[in-house]
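*Asks:* One-letter residues, chain by chain:
Protein chains: 2
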Amino acid sequence: MEKCNHGSGSGTLYVVGTGPGSVKNMTLAASEVLAKAEVIIGYKTYLELIPEFLAGKEVISSEMMKEVDRCRTALETAASGKQVALVSGGDPGIYAMAGLVFEMAREAAYDCPIEIIPGLAAINSCAARLGAPLMHDFAAISLSDLLTPWEVIEKRLEAVAQADFVTAIYNPRSKRRTEQIVRAQQIFLTCRDPKTPVGIVTAATRDNEKIVITTLDHMCDQEIGMQSTVIIGNSQTFTWKDLMITPRGYDKKYQL
Amino acid sequence: MEKCNHGSGSGTLYVVGTGPGSVKNMTLAASEVLAKAEVIIGYKTYLELIPEFLAGKEVISSEMMKEVDRCRTALETAASGKQVALVSGGDPGIYAMAGLVFEMAREAAYDCPIEIIPGLAAINSCAARLGAPLMHDFAAISLSDLLTPWEVIEKRLEAVAQADFVTAIYNPRSKRRTEQIVRAQQIFLTCRDPKTPVGIVTAATRDNEKIVITTLDHMCDQEIGMQSTVIIGNSQTFTWKDLMITPRGYDKKYQL
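Those protein sequence lines, which keep their order, are chains G and B.
Once you know that position 140 of the first sequence is 140 in our numbering, the rest is easy, because the numbers rise by one and skip nothing.
Once you know that position 43 of the second sequence is 299 in our numbering, the rest is easy, because the numbers rise by one and skip nothing.
Please keep in mind that the hints were generated in silico from the structure rather than gathered at the bench.
By construction, the Cβ of each residue, glycine as well, lies at the ideal position given by its N, Cα and C atoms.
A couple of the hints might just be wrong.
A few chain B residues facing chain G, derived, Cβ under 10 Å [to be verified]:
hint, residue
1, Asn281
2, Thr283
3, Val357
4, Phe358
5, Ile370
6, Pro389
7, Trp496
8, Lys497
Based on the provided sequences and hints, a complete structural model is requested.
*Replies:* Pasting the structure below:
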């Protein structure tokens, strides 16, 4: 990989979180960086959500599963002296692109500046759409065993189920992986009430958004896909109207 | 509490996350809601961070620890027919105001619309400032035992330490609570390498921001206060330059 071209004005790589989808849910900092970038690189589904930022730019869009190639292109383009925005859906720091960018930069002894511009992750936006399900100690676990051995994932599910964490499940089900979410449900059922509220948010804030509040024993009967995040409540989580709420504990100390 | 005054145009309560502090890190949706609100209510430290939104508004600021009173005022003001923004630092859904608002609304059989506008939580903004420390399965735990028994907190620390979660610690230390963070460190030391990277971010993105990357065995020697978030890496977390990075596992599958 090229060394940073400090000579002709240093390039910078911005890894920009665009949040759940709509431009309204992006930060001002993120939209400023996209506006000033010379080159915008990203997975095409995410780029299609932000057409207003692409006009007049060099745009490099790529397919899913091509993260390594996408990062390499972003690093090399910034090294050539350009201002580059690598777009990451959600928050680049949560199951997204920030880590891989730094891993590859280290590998290549890369020396251009890299800046992470955070965005709303699925946990932030899905929680807001469900009411207030996180509110107390919580864990985030991805069920994808593409890069993590399933034994590690299962051990983590057991640990947080037993310690009564609200649990946000990323990558719950794909066409190929259909059994992991069933196994996660079984693990939680060994130590949590079958009627524990579970929220499933698919495509949060997008046109095809779908929100379901169900219970632990029925969660796998619901439609769960690649764009879904599943949030399993803790022992105190309740539903009210069409909302899912985990209390912080104020009611034990104050008159509400 | 008054019933919602549907007659004179219904009031709405927006619970608005302002993110870590600077207006740049707020979403467009949050700034739009603040701009159109008639009444803005919040803890005064958070309101002082957004002076540009307060001009010409009815502003009700309150002291810390007055969350219950603040929520009651917000609910009642919206019920009287006004557009109210209750400001929450960070993300209202993560250790902030969203849950209490719904708990109190349920208690009062409140029927005005309530909408949560998510913001960047400390986990999002602190992770971005440190590099990419979350990137894999992680847990968030508050060490405040004001509303949660310490035994529950300790059990949760043990569970996530043993299952190798990256762990974000909220409310790590206050003037009154100084021993909990030491106990958390001891728990992690029983099952994680003493040289595990630990990031401490204080006042992320604000003028007095302070970022420290240290190791598990030395984390308690650092300045940790009310505005700090502590992120303890997992067994794979490494440091590079002045960054803290948790790999996702790409290096086992791809040539980086």
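*Asks:* Indicate, hint by hint, whether the structure satisfies it.
*Replies:* Status of each hint after checking the structure:
At its closest, the beta carbon of Asn281(B) sits 5 Å from a beta carbon of chain G; the interface hint therefore holds under the 10 Å criterion. With a cut of 10 Å, the hint placing Thr283(B) at the interface with chain G holds, because the nearest CB-to-CB distance is about 5 Å. Interface restraint check: Val357(B) against chain G, minimum CB-CB distance 8 Å, threshold 10 Å, status holds. Given the 10 Å rule on beta carbons, the hint for Phe358(B) holds: about 5 Å separates it from the nearest Cβ of chain G.
The interface hint given for Ile370(B) is met, as the beta carbon of that residue sits about 9 Å from the closest beta carbon of chain G, less than 10 Å. The beta carbon of Pro389(B) comes within 8 Å of a beta carbon in chain G, closer than 10 Å, and the hint placing it at the interface holds. The beta carbon of Trp496(B) comes within 5 Å of a beta carbon in chain G, closer than 10 Å, and the hint placing it at the interface holds. Restraint check, Lys497(B) versus chain G: the minimum CB separation of about 8 Å is within 10 Å; hint holds.
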